[in-house]
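Enquirer: Residue numbers (numbering that gives the first Met the number 0), protein chains in the order written: chain A, 0 to 166; chain B, 0 to 103.
Simulated from the structure, these hints should not be mistaken for laboratory data. Just so you know, not all the hints are guaranteed correct.
Claimed, not checked - Straight-line distance between alpha carbons at most 25 Å, and here's what the computed PhoX-like set of lysine-lysine pairs gives: (1) A:Lys88 x B:Lys102; (2) B:Lys89 x A:Lys163; (3) A:Lys162 x B:Lys89; (4) B:Lys89 x B:Lys102.
To be verified - Have a look at the derived ranges for each label pair, beta carbon to beta carbon: (5) B:Thr92 x A:Tyr6: 39 to 49 Å; (6) B:Val95 x A:Leu76: 10 to 20 Å; (7) B:Ile68 x A:Leu71: 14 to 24 Å; (8) B:Asp60 x A:Glu1: 21 to 31 Å; (9) A:Ala104 x B:Ala85: 33 to 43 Å; (10) B:Lys89 x A:Pro115: 43 to 53 Å.
Glycine included, C-beta positions come from ideal geometry on N, C-alpha and C.
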Amino acid sequence: METVLFYLFAALTVGCALMVVANPFSRNPVTSAMFLVLTIVSMAGLFVLLHAFFLGAVQILVYAGAVMVLFLFVIMLLDLKEEERRKIKLFGLIGGLVSVGAILAIFLQSLQTARPGANLSAAGADGSTVALGRLLFTDYLLPFEIVSVLLLVAMVGVILLSKKELK
Amino acid sequence: MTPVGLEHYLVVSALLFVLGLLGVLTRRNLIVLYMSLELMLNAANLALVAFSRFSAKGSLDGQVMVFFIITVAAAEVAVGLALIVALYRKRQTAHVEDLTSLKL
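Produce the complete structure using the sequences and hints provided.
Expert: Structural data, given as structure tokens:
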């Protein structure tokens, strides 16, 4: 059952990610955004299969909720219609495919030789929210506070950047 | 069928990362570039959660790391999209080929 679910979610994730970057039917950014939502939701399924329940929920709330709404809002704000007329340059496409293929080959080759999970089983971390929260507020308290300051800085910066006139 | 191990998740993560890289290299729309960046960040997240699940000691450090990455990614998207909006106000384009004023 778990194996079937893994292959289902993995195929869904990779297929939708392919549609985000290289959709043969449409070059519309809104289509890409919708497929990115599907990618993120199926990746939350993978997180749940890895017993990271809290992160699966956060993935859906933060990415599929907040971040994607922001993306769609900006697409709506910019009114990107003329995008579909442009052609992808052949040279750029070939260069991208070659470099990407090389990197993928290196990844798979190193996985093949290193075999990082050869004698490991899935008996590791069980991501209960209690354990994660306890870790976050004891060992990782300082990074947690710093991240909250970072969010504040980002908020102030965004407000400043999107004011009407930039000084 | 063989049981799903660490390598399976790492292969999915590598594929996602490579797809995001392909998007960054070939797409020319700034917003789609940002979505491809998100894909690459998510690939790293998947690898970290898989490592955390298959770690021998059962430590949750990988998941805490992913939590921080999600937070920083949200901040990064907010700032980046605000930059795109400001750029669009100034130049009326969200297309990387039209933004060549730094080119020699």
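Enquirer: Does the structure break any of the earlier hints, and which numbers would those be?
Expert: none
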